[in-house]
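Below, each chain spelled out in residue letters.
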Amino acid sequence: MPDVNIIRTPPASMYRDKEGMGIWPHRGKVAAVGIGHAPTARRWDERPETSVGGLSIFALRAAMADAGVTPDQVDGLVVVPDTTTGAYWPAGKQVPADFLAMYQQTDDPLDGVAKLSPEWIIKNMPELVNLKVAINAPTCMSNAVVVAAQAIGDGLAHTCLVLKGWHNYVGRYYQGGANAEPTVSGPGKFSAPWGGPACYGTAQQFQRYMYKYGKTHDEVAPFVVNSRRNGLLNPDGYWAQHRPEQLTADDYINARWVAKPANLFDNDIPIMAAGAYLFTTSERAKDMRQKPVYFMTTASDRTRARGLALTLEEVEEATASTGRKLYEGSGVKASDLDFENMYDGFGLFHIFHIEGLGYAGIKRGEALDLFKGDISIEGPNPVSPSGGNIGNGRTRFWLHSDSIQQLQGRAGARQIKKPVEIAVSGGPTPTGGNFVIWSKSPD
Amino acid sequence: MPKQSPVPDDLDRGFWEACNEERLVIQHCSACDRLQHPPLAACFECGSRAGLSWKPVSGRGTIYSYGVVHDTPVAAMQPEQPYNLAVVQLDEDPGINMYSHLPGAPIDNLPIGGRVEVLFETTGNGQKVPEWRLV
Numbered sequence: 022m023p024d025v026n027i028i029r030t031p032p033a034s035m036y037r038d039k040e041g042m043g044i045w046p047h048r049g050k051v052a053a054v055g056i057g058h059a060p061t062a063r064r065w066d067e068r069p070e071t072s073v074g075g076l077s078i079f080a081l082r083a084a085m086a087d088a089g090v091t092p093d094q095v096d097g098l099v100v101v102p103d104t105t106t107g108a109y110w111p112a113g114k115q116v117p118a119d120f121l122a123m124y125q126q127t128d129d130p131l132d133g134v135a136k137l138s139p140e141w142i143i144k145n146m147p148e149l150v151n152l153k154v155a156i157n158a159p160t161c162m163s164n165a166v167v168v169a170a171q172a173i174g175d176g177l178a179h180t181c182l183v184l185k186g187w188h189n190y191v192g193r194y195y196q197g198g199a200n201a202e203p204t205v206s207g208p209g210k211f212s213a214p215w216g217g218p219a220c221y222g223t224a225q226q227f228q229r230y231m232y233k234y235g236k237t238h239d240e241v242a243p244f245v246v247n248s249r250r251n252g253l254l255n256p257d258g259y260w261a262q263h264r265p266e267q268l269t270a271d272d273y274i275n276a277r278w279v280a281k282p283a284n285l286f287d288n289d290i291p292i293m294a295a296g297a298y299l300f301t302t303s304e305r306a307k308d309m310r311q312k313p314v315y316f317m318t319t320a321s322d323r324t325r326a327r328g329l330a331l332t333l334e335e336v337e338e339a340t341a342s343t344g345r346k347l348y349e350g351s352g353v354k355a356s357d358l359d360f361e362n363m364y365d366g367f368g369l370f371h372i373f374h375i376e377g378l379g380y381a382g383i384k385r386g387e388a389l390d391l392f393k394g395d396i397s398i399e400g401p402n403p404v405s406p407s408g409g410n411i412g413n414g415r416t417r418f419w420l421h422s423d424s425i426q427q428l429q430g431r432a433g434a435r436q437i438k439k440p441v442e443i444a445v446s447g448g449p450t451p452t453g454g455n456f457v458i459w460s461k462s463p464d
Numbered sequence: 031m032p033k034q035s036p037v038p039d040d041l042d043r044g045f046w047e048a049c050n051e052e053r054l055v056i057q058h059c060s061a062c063d064r065l066q067h068p069p070l071a072a073c074f075e076c077g078s079r080a081g082l083s084w085k086p087v088s089g090r091g092t093i094y095s096y097g098v099v100h101d102t103p104v105a106a107m108q109p110e111q112p113y114n115l116a117v118v119q120l121d122e123d124p125g126i127n128m129y130s131h132l133p134g135a136p137i138d139n140l141p142i143g144g145r146v147e148v149l150f151e152t153t154g155n156g157q158k159v160p161e162w163r164l165v
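In the order they appear, the protein sequences are chains G and Y. Residue numbers 22 to 464, in the working numbering, belong to the letters of the first sequence in order. Residue numbers 31 to 165, in the working numbering, belong to the letters of the second sequence in order.
List time: in silico SDA-like cross-link candidates among lysine to any residue, alpha-carbon distance up to 25 Å:
#1 G:K354 x G:R323
#2 G:K236 x Y:D138
#3 G:K136 x G:N26
#4 G:K236 x Y:T92
#5 G:K236 x Y:P141
#6 Y:K158 x G:S212
#7 G:K114 x Y:A105
#8 G:K236 x Y:Y113
#9 G:K233 x Y:A135
#10 G:K307 x G:P440
#11 Y:K158 x G:A199
#12 G:K136 x G:G107
#13 Y:K158 x Y:E52
#14 G:K233 x Y:T92
#15 G:K233 x Y:D121
#16 Y:K158 x Y:D123
#17 G:K236 x Y:H100
#18 Y:K158 x G:L329
#19 G:K393 x G:G235
#20 G:K39 x Y:E75
#21 G:K236 x Y:I142
#22 G:K114 x G:R193
#23 G:K233 x Y:P124
#24 G:K39 x G:P463
#25 G:K439 x G:A355
#26 Y:K85 x G:P208
#27 Y:K158 x G:P203
#28 G:K236 x Y:P124
#29 Y:K158 x Y:D39
#30 G:K50 x G:A83
#31 G:K439 x G:N402
#32 G:K233 x Y:R90
#33 Y:K85 x G:S212
#34 G:K236 x Y:R145
#35 Y:K158 x G:T204
Hint data in this document are derived by calculation from the structure and do not stem from the laboratory.
Take these sequences, add in the hints, and give me the full structure.
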C-alpha cells in the first residue's frame, strides 16, 4: 500500500456552516471534471463484481477515464464509508467465497460488502500509486463533495477521486434487528415505540406545511411526474435501466400511503449503485478531457432539532440560512440560478429546499404554485433536471452528476434547452446537509 | 397500543421513573433556565452538567402536526396500522415536543392546534410511557 495519510473524520474547519464567512477563498479555483457511474441493480446478486466494492472500483475507474486522467495522477481520495440503504448483512451469514477470492480484504470482513473504507479501495486499486491523502466523509455524497473541494482548495490534494457506493440486499429495509425487538434502548427509546417510518418526520412537516399555506398533497404530483420523466432520460438511472415506466399524476395521487401525507412515490427506491467524481484544481482541469465545472462555494447546515421532532419552522430557518450562505460564499444571487438539483429523497422536502433558496423567485408556501407551471427541462425554471432519487433510485449523487453534466453541456436527452451557467445542488436533508453552487465559468 | 418498551439508562432514568409514577418531567438546565428533551449528559445550550435536573411540567400541550402510519418497520406496531402519530408541543415550551398515538382519537382526523393532556400507558415490560389525549 502507498503511504497514505488517512483522515478518519473531516475537521469542522472544512465546512462553511456559518453565515458571515464571506466569499469562499477557493471560489473558481476548484473544478469537477470526470464522472463515473456503475450500473444499477435493485439488490445484490452476490457476484463479486456487483458488490458495493466492485461497483465502486468500476465507478472510480470510469471517473478517471471520463476525465482523461491516469491513475498515477491522482493524489487524493474521499470515500463515504456508509453504504447501506437500510439493508444489513445478516448476522452469521458468510461473505461469498467468490468475493473473498477476487478482492483483497481489510480487517473488517464486511468491508466492500456492507461498507467501504479507504483502505479497501487502496488495497484493491493498486494503480493509485501516488495517492497521498484519503478522507472518510460519512453518510452522503454531498459531504464527500464539499470535503473534496475544500481539500483541493486547501492544497491537501490536487487531483481527487470522490466516491459514494450503496448496497441493497434481499428483504425489506429497516425490518428486523432492533425494530423487531420487544424493548428499545439508546436514544431511539423516545421515538421507536411510536413506530414512525423513516419518512414520518418529513410527512408531519408537510402536514404542517399544508395547514400553514393551504396546500394539498395532490399539488405535489407535477414535481414527481417531472422527476420520473427526467430520470427516464438518464441512461445511468435505475428506472431507465430496469423499469422504464412513466409515472402519471393519477399514479402518484392513488399510490399507497407509507406515512400519510407521504406516499410510495414520495419515497425513493433503494438500489445497488456507485458514483464517483474526479475533482482537481482549475489550473490542472484545463488539460483534461471534459470541460471543467467550477465550485463557486460550498455551504453546510448543522441545525439540530430542539425537540424530538424537527419542526417545519426549524426546517424553514435552516433552508433560508443555507441559501444565504450559498449566495454569500459564491457572490451568486438567487436570480442567477439557471436550474436546481436539490435533494429529493424524500420528495416532499424538495419543496422546503427550493423555497429556502428562493429558486425562480418563489417565497415560502409557493413551491407548489411553481410546480403548476413549466418545470420541465424545456421550460424557464427547470426543477430537478437530474430526476433525483425519485427519478433514478436512491444514491444522493444524481443531483451533483447532473449539475456537472448540464454545465458541461453533455446531459444528453436531459440537457436543459435554455443556456445554463449557474446551478445549485446538495443535500441530503434540509438540515444537516452540504451544498454547492456550480458555475460554467470560474469568474 | 403494543409499543416497544423503553429500557432506562443512567442518562434518562429520572424521566422513566417519573413516568412510572405518572408524572411528566423534562430535563432542565438551571444555569440557563432551559428545558431540553430528549435528555442529554450536558445542556446543549451552555454545556452545564451540574445544572441539570428533572422539572415537573403540567402535562398539557397542543398538536403541532401529525401523520397516519400505514407502513412501519417496527414489528410491534404493524398490526395496529393505520394509526395516528402526532407531534405534541408542551405548554411550558413549544420547542419541546413528544410523539403520541392520541389514543381514542379518530384516525386521520386530528385538529392541528388542538389541546391535549398527558396520560401514561404501560408497555410490555411494565415500563410506562407518556401518551396524550384530546381534551
